[in-house]
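J.: Take a look at the letters that make up each chain.
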Amino acid sequence: MITEPAPVDLDSVGRAIAVMIVATAALLLAFLSVTRPAARLARRPLASALLGGGWLALLAGLLLGPGGFELLRPGSVLELRPLTQLGLAWIGFLVGLQLKRSLVTAVPPLLWRWVLVDAAASLLVGTLLGGAVLMWASGARDWTATWPCAALAGAATIGWSGELRSLRGFDASSPHVAAMVRAGAGLCTVVALVMGGLATTDLTESKWIVATIAVVIAAAVSLRAALGGRVVADGGIILALLATLSLVAGAAAAIVTGPLLGAFLLGMVVTNMPGGSMRRMERLVMESEPAVAAIFFLLAGVLLGGVGDWPWVLALAMVGGRLVLKPWIASRVPATLWRDAASSRMQAAVVRQAPIAVALAVAAVMSRYAETERGVLLAVVITGMASTVMPLLWRGRT
Amino acid sequence: MDDATSILTDGSDTRLLVLIARSEESFDPLVSALLDAGITGATVLESRGLANIIRMEMPIFAGLASLLPQATGTRVVLSIATTTRIDQLMRFIGQLPPERRPIGVTLPVESVLGLGS
Numbered sequence: 196m197i198t199e200p201a202p203v204d205l206d207s208v209g210r211a212i213a214v215m216i217v218a219t220a221a222l223l224l225a226f227l228s229v230t231r232p233a234a235r236l237a238r239r240p241l242a243s244a245l246l247g248g249g250w251l252a253l254l255a256g257l258l259l260g261p262g263g264f265e266l267l268r269p270g271s272v273l274e275l276r277p278l279t280q281l282g283l284a285w286i287g288f289l290v291g292l293q294l295k296r297s298l299v300t301a302v303p304p305l306l307w308r309w310v311l312v313d314a315a316a317s318l319l320v321g322t323l324l325g326g327a328v329l330m331w332a333s334g335a336r337d338w339t340a341t342w343p344c345a346a347l348a349g350a351a352t353i354g355w356s357g358e359l360r361s362l363r364g365f366d367a368s369s370p371h372v373a374a375m376v377r378a379g380a381g382l383c384t385v386v387a388l389v390m391g392g393l394a395t396t397d398l399t400e401s402k403w404i405v406a407t408i409a410v411v412i413a414a415a416v417s418l419r420a421a422l423g424g425r426v427v428a429d430g431g432i433i434l435a436l437l438a439t440l441s442l443v444a445g446a447a448a449a450i451v452t453g454p455l456l457g458a459f460l461l462g463m464v465v466t467n468m469p470g471g472s473m474r475r476m477e478r479l480v481m482e483s484e485p486a487v488a489a490i491f492f493l494l495a496g497v498l499l500g501g502v503g504d505w506p507w508v509l510a511l512a513m514v515g516g517r518l519v520l521k522p523w524i525a526s527r528v529p530a531t532l533w534r535d536a537a538s539s540r541m542q543a544a545v546v547r548q549a550p551i552a553v554a555l556a557v558a559a560v561m562s563r564y565a566e567t568e569r570g571v572l573l574a575v576v577i578t579g580m581a582s583t584v585m586p587l588l589w590r591g592r593t
Numbered sequence: 206m207d208d209a210t211s212i213l214t215d216g217s218d219t220r221l222l223v224l225i226a227r228s229e230e231s232f233d234p235l236v237s238a239l240l241d242a243g244i245t246g247a248t249v250l251e252s253r254g255l256a257n258i259i260r261m262e263m264p265i266f267a268g269l270a271s272l273l274p275q276a277t278g279t280r281v282v283l284s285i286a287t288t289t290r291i292d293q294l295m296r297f298i299g300q301l302p303p304e305r306r307p308i309g310v311t312l313p314v315e316s317v318l319g320l321g322s
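Here the protein sequences come in this chain order: L and Z.
Under the working numbering, the residue at position 276 of the first sequence is numbered 471, and the numbers go up by one with no gaps.
Under the working numbering, the residue at position 54 of the second sequence is numbered 259, and the numbers go up by one with no gaps.
I should point out that these hints are in silico values taken from the structure, not numbers from a laboratory.
Incorrect hints may appear among the rest.
To be verified - Straight line, CA to CA, 25 Å or less: simulated SDA-like cross-link-like pairs of lysine to any residue:
id : chain 1 : residue 1 : chain 2 : residue 2
1  : L       : Lys295    : Z       : Asp292
2  : L       : Lys295    : Z       : Phe232
3  : L       : Lys295    : Z       : Thr279
4  : L       : Lys295    : L       : Val584
5  : L       : Lys295    : L       : Arg419
6  : L       : Lys295    : Z       : Met261
7  : L       : Lys295    : Z       : Asp233
8  : L       : Lys295    : Z       : Ala256
9  : L       : Lys402    : L       : Ala346
10 : L       : Lys295    : Z       : Glu229
11 : L       : Lys295    : L       : Val416
12 : L       : Lys295    : Z       : Arg305
13 : L       : Lys295    : Z       : Ile258
14 : L       : Lys295    : Z       : Leu255
15 : L       : Lys295    : Z       : Glu230
16 : L       : Lys402    : L       : Pro277
17 : L       : Lys295    : L       : Met468
As the list claims (entries may be wrong) - Ranges of calculated distance between the beta carbons of each label pair, as one might list FRET restraints:
id : chain 1 : residue 1 : chain 2 : residue 2 : range
18 : Z       : Thr248    : L       : Met215    : 53 to 59 Å
19 : L       : Ala301    : Z       : Ser237    : 24 to 30 Å
20 : L       : Val416    : Z       : Ser252    : 54 to 60 Å
To be verified - Examples of chain Z residues toward chain L, derived with CB under 8 Å:
id : residue
21 : Glu229
22 : Glu230
23 : Ser252
24 : Arg253
25 : Ala256
26 : Glu262
27 : Met263
28 : Ile265
29 : Ala267
30 : Leu269
31 : Ala270
32 : Leu272
33 : Thr289
Just so it is clear, CB atoms sit at the ideal spot from N, CA and C, and this is done for glycine as well.
Chain Z on its own, in the form it takes in the complex:
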C-alpha cells in the first residue's frame, strides 16, 4: 500500500485545467497564452462539438466533410498547473477578444501521478 501511494505527489497547489478552443483562430492565441504563463506541458486533443456531430450524421447538401471528421478546428487542452500559473493564464486569456476566448474549467487536484519532479 505504501509503495502505491509513494508514486503519487501532493496536488494541493495544482489544478486540472480543461480548455476548449472552438476554432483554429482561438487555438493559436491560447497556445501563446499557455507559454506566456509558463505552462509548457499540456495534452491537446482534436475534438468535435455536438452540433458538428448532429450535422455530420444528417448532411443534406454538404456531406463531403464527413471524410475528415477531425478537421473541425476544435481542440481540448488538458494540463495540470500550479494555481499561480493558472491565474497568470487567466489574465492573458482575459485580454483576448471574447470570440477568441476558450471555454474552460479548473478543478482541484488531490494528488498527481507521472509528472516529473
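Only chain L is shown next, with the shape it has when bound in the complex:
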C-alpha cells in the first residue's frame, strides 16, 4: 500500500538552510583567516590591527547579518549553540594552554604586579560603570538583577590587546618592553576569562563546581591516554581533542558552569602533562587562534543590533574609563619598565581592549539572548573598535 508522503515543513527547511549558511560562512572565514594571503596582509600595520582585533570578521558579520544583507540571522546563530559552545571551549582551552609551569615561573614580579593591579582596578571600574548604566537604562533599583552583566562589563575591561604590529615603531626600539606588554596581555586574558566565567556561574552551587573539576580531570586523563607516550598523526590529535572538548563543553553546559572555565582548567592541566603528541597538539591549537577568533567576531557581528541607545552610553563610559585608567596604571605600576621616550610611547597600546572581551560577551548572549546581554555585547564591540583606533591616531601624531 502506497502512503502519501508527509508534507514538507518549509519553515523547518528554511531554518535548516539558514543555520547551514551561518556555519558555512563561519568555516569559510576561519579558513580564509589562516591562508597565506591573510598572513601576508597582516604584515601591513593597519591590516594587522583589523585582523588582530578581529574587526574584519566582525564587519563581515555585520554585512551578512540583519544590519546588512540579512543573509545570516541571530536565530540561526542561536541554533548553532552546541557548536559555539565547542568553540568557546576551544578558546578556554587555548588560554589555559598558556599556563605552562616554566612560563608562569618566568613571569617577573613587576609584570605580576601590573597585571594584578590592572585586573583589580579594571574589574572594579568596569563593573561599577556597567552596573550604573544598566540600572539607569532599565530603571531597576535592584543591583542583583544587573550584577552578572555588570560583572561582564568589568571582565571585558580587564587587560589589553597583545597585538603590537599595527603600532610598529612603538615596539621596534624596545623589544623587551614589547614582550612584556604582550605577556601582560596574555596573563590579563587569563584573569578576564576566569572573572567572566565566574560572573556567569552560580557560585552557591558548589557541587556543580566540584563536578566540573571532576569532568576536567577525567578529560585530561583520557587525553593523556590517547596522545601521551606515542606519536599520533594530526588528524588523530584533532579528533581526540574535539571529543575531549565536546565532553567538557557539554558537561559544563549541563552543569551551568559554562564551557570557557572548564576548558580553561583542562588546558592548564594538559599543558603541564608530559610527552607523546601533547606538544604537537598544543601547537595545532595555538595555530588555530586566528580561525577561532574570526568565527566569534563573525558571530558577534550577526548578533549585534536590536537594542536601544543605552549600549552607546555604556561604550562611552568604558572607552573613557580605559583612556583614563590604563595609561595611568601603566605609567605608575611598572614605572621602571619605561626606560626611555620610545618605550613610554607603548603605553598607548594598553588602551586597546583585549579580544577576549568579545568572546566573553558572545558567550553571555549565547547563554541568554536578552536585551541586557546583547546591549553589553554592542558596548564591548564599540569600545573595542574605538580603543583600537585611538592609539593609531596617537601614532600618526608622534
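Use these hints to put chain Z onto chain L, whose structure you have.
T.: This is chain Z only, laid out in the frame that chain L set:
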C-alpha cells in the same frame, strides 16, 4: 697567501649537514642518531619557525609565550661530517616515524677551517 691557505684543510670528503628538528620529541632521537652514526661534534641552535614568529607578533588570546620566545622546541643542528657518517645517519633517521624526522640538507664542502686534526 700561503699562510692563509695552510690553515684550511681539504673538505672534499666532507659535507655540511643542516638539520632542523621541529619539536622536542623529534630532537631527542636526532641526537641519538647523530651519536650512533659517530657524529660527536655539532652546533645546536635554538630556533623559531616562521609561523611561530607570525603568531607571536599578533597574539589574539594567548600572548604569554612571547616572554620566552626561545621555548619553541625547534632546533637547528649544524655539523661537518664525512659522507660515510652522513650516509649512516640517514639510515638511522630513515627508521624514525615520519613525524619525528628532521628537515635537512647536506651541502658539499670545499675546505674546512678550525676542526681538529
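J.: Each hint needs a verdict: does it hold in this structure or not?
T.: Hint by hint, here is what the structure shows:
Distance restraint check for L:Lys295 and Z:Asp292: the Cα-Cα separation of roughly 39 Å exceeds the 25 Å cut-off, and the hinted pair is therefore not satisfied. Pair hint L:Lys295 plus Z:Phe232 holds up; C-alpha atoms about 20 Å apart against a cutoff of 25 Å. For the given pair, L:Lys295 sits about 17 Å from Z:Thr279 by alpha-carbon distance, which is consistent with the 25 Å threshold. The hinted pair formed by L:Lys295 and L:Val584 fails the criterion: a straight-line CA distance of about 33 Å is larger than 25 Å.
Distance check on the hinted pair: L:Lys295 and L:Arg419 sit about 16 Å apart at the alpha-carbon level, within 25 Å; holds. Taken as a hint, the L:Lys295 and Z:Met261 pair is honoured in the structure, with Cα atoms around 16 Å apart against an allowance of 25 Å. Between L:Lys295 and Z:Asp233 the alpha-carbon distance is near 21 Å, which keeps this suggested pair within the 25 Å criterion. Our distance criterion of 25 Å between C-alpha atoms is met by L:Lys295 and Z:Ala256, whose separation comes to about 20 Å.
With a C-alpha separation of about 23 Å, the suggested pair L:Lys402 and L:Ala346 falls inside the 25 Å cut-off, and the hint holds. Restraint check: the Cα-Cα separation between L:Lys295 and Z:Glu229 comes to about 15 Å, which is no more than 25 Å; the hinted pair holds. Between L:Lys295 and L:Val416 the CA atoms are separated by roughly 17 Å; this keeps the pair inside 25 Å, and the hint holds. In summary, the hint linking L:Lys295 to Z:Arg305 is supported, as the alpha carbons are separated by about 23 Å, within the 25 Å threshold.
Among the hinted pairs, L:Lys295 with Z:Ile258 is consistent with the structure: their alpha-carbon atoms are about 19 Å apart, no more than 25 Å. A C-alpha spacing of about 22 Å is found between L:Lys295 and Z:Leu255, which places the hinted pair at or below 25 Å, so the restraint holds. Of the supplied pair hints, the one linking L:Lys295 and Z:Glu230 holds, its CA atoms being roughly 17 Å apart against a limit of 25 Å. With a CA separation close to 24 Å, the supplied pair L:Lys402 and L:Pro277 stays within the 25 Å bound.
Annotation: proposed proximity of L:Lys295 to L:Met468 holds, straight-line Cα distance about 9 Å (limit 25 Å). At about 55 Å, the CB distance of Z:Thr248 to L:Met215 agrees with the hint of 53 to 59 Å. Under the hint 24 to 30 Å, the C-beta atoms of L:Ala301 and Z:Ser237, about 29 Å apart, fit the expected range. As the Cβ distance of L:Val416 to Z:Ser252 is approximately 34 Å, the hint placing it in 54 to 60 Å is violated.
Proximity of Z:Glu229 to chain L holds as hinted, the smallest CB-CB distance being about 6 Å (cut-off 8 Å). The restraint placing Z:Glu230 at the interface with chain L holds, with a minimum CB-CB distance near 7 Å, inside the 8 Å limit. For Z:Ser252, the shortest C-beta to C-beta distance to chain L is roughly 14 Å, which exceeds 8 Å, and the interface hint is violated. A least Cβ separation of about 12 Å between Z:Arg253 and chain L goes past the 8 Å threshold, and the interface hint is therefore violated.
Hint status for Z:Ala256 relative to chain L: holds, with the closest Cβ pair at about 6 Å, below 8 Å. Annotation: interface hint on Z:Glu262 holds; nearest CB of chain L at approximately 5 Å, less than 8 Å. The criterion of a C-beta within 8 Å of any C-beta in chain L is met by Z:Met263, whose closest approach is roughly 5 Å, and the hint holds. With 8 Å as the threshold, the beta carbon of Z:Ile265 comes within range of chain L, its nearest partner Cβ sitting at about 5 Å, so the hint holds.
Below 8 Å, beta-carbon pairs count as interface contacts, and Z:Ala267 has one with chain L at about 5 Å; its hint therefore holds. Taking 8 Å as the C-beta contact cut-off toward chain L, the hint placing Z:Leu269 at the interface holds, the least distance being around 3 Å. The beta carbon of Z:Ala270 is positioned within 8 Å of a beta carbon in chain L (closest approach about 7 Å), and the interface hint is therefore held. Annotation: interface hint on Z:Leu272 holds; nearest CB of chain L at approximately 4 Å, less than 8 Å.
Among the interface hints, the one on Z:Thr289 is violated; its C-beta lies about 30 Å from the nearest C-beta in chain L, farther than the 8 Å criterion.
Violated hints, listed in ascending order, are 1, 4, 20, 23, 24, 33; each of the other numbered hints is respected by the structure.
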